[in-house]
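Kindly produce the complete structure, drawing on both the sequences and the hints.
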Amino acid sequence: MTPREILIALLAAGGVFFAFVAAVGILRLPDLYTRSHSASKSDTLAAGLALGAVALTFGSDLSTVKAVLLLLFMFITNPTAAHAIARAAAEEGIEPWTRDEEVDE
Amino acid sequence: MSFISSTLLTAAGAFVLISLTIVYRLVRGPTMQDRVIAVNVIGSNIVITIALVAAATGEKSALDIAIVYALLNFLMSIAISKFTVERGGVL
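In order, the protein sequences belong to chains H and U. First residue of the first sequence? That's 1 in this note's numbering, and the numbers climb one at a time after it. First residue of the second sequence? That's 1 in this note's numbering, and the numbers climb one at a time after it.
It is possible that some hints are incorrect.
Here are the computed lysine to aspartate or glutamate pairs in the DMTMM-like style, where the Cα-Cα straight-line distance is at most 25 Å [to be verified]:
no., chain 1, residue 1, chain 2, residue 2
1, U, Lys82, H, Glu91
2, H, Lys41, H, Glu92
3, U, Lys60, H, Glu5
4, U, Lys82, H, Glu92
5, U, Lys82, H, Asp31
6, U, Lys60, H, Asp61
7, H, Lys41, H, Glu95
8, U, Lys82, H, Glu95
9, H, Lys41, H, Asp31
10, H, Lys41, H, Glu91
Just so you know, the hints here were simulated from the structure itself, not pulled from any lab data. Quick caveat: nothing in here was measured; it's all calculated off a predicted structure.
In structure tokens:
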């Protein structure tokens, strides 16, 4: 194995790990705002790591430019979409979860 | 099959499995916004899966599909969150 292959494997494994963290947060956290927080941060990091692995795999090619552009696009738009959804929920009057309430699973 | 392509294909399979578990929140989610967040995360996982498969099999034109899918995913979230506030529902 060359160092480049090891780096690609590490990036892909990191992407899978943070996607798992995002899935656990979406399934287990108690209300919409905390779920949105988990989705925006962990899933953006997972996308960055996995697309970095893709960009490294292609080497020097036009496809590397496409992969890096896709990485930048997801890095900007993923938190923006989560913010827009959470703001729509706040303007509709959904209250944030506090410690006194029961968890509505 | 080389080491890199098998690694990337394994990662793509793991992303698909993780997306399948998020379908629970999509079905169960108490509010509409929970479902939109679940669809958004599943969509970005699908984009990553397409890119990983494109890298593993050397199918370079699949990256264009991934870019268009990411764009549609973002537009869907923005459109739904805007229409729920200003028009009281998507339909």
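Hints, one by one, checked against the model:
With a CA separation close to 11 Å, the supplied pair U:Lys82 and H:Glu91 stays within the 25 Å bound. At most 25 Å may separate the alpha-carbon atoms for a hinted pair to count; H:Lys41 and H:Glu92 meet this at roughly 23 Å. Between the alpha carbons of U:Lys60 and H:Glu5 the distance comes to roughly 19 Å, so the proposed pair stays at or under 25 Å and holds. The suggested pairing of U:Lys82 with H:Glu92 holds, with an alpha-carbon distance near 11 Å, which does not exceed 25 Å.
Taken as a hint, the U:Lys82 and H:Asp31 pair is honoured in the structure, with Cα atoms around 21 Å apart against an allowance of 25 Å. Distance check on the hinted pair: U:Lys60 and H:Asp61 sit about 10 Å apart at the alpha-carbon level, within 25 Å; holds. Among the hinted pairs, H:Lys41 with H:Glu95 is consistent with the structure: their alpha-carbon atoms are about 22 Å apart, no more than 25 Å. For the given pair, U:Lys82 sits about 19 Å from H:Glu95 by alpha-carbon distance, which is consistent with the 25 Å threshold.
Of the pairs offered as hints, the one joining H:Lys41 and H:Asp31 holds, with about 16 Å between alpha carbons and a cut-off of 25 Å not exceeded. For the hint pairing H:Lys41 with H:Glu91, the CA-to-CA distance comes to about 22 Å; that is within 25 Å, so the pair holds.
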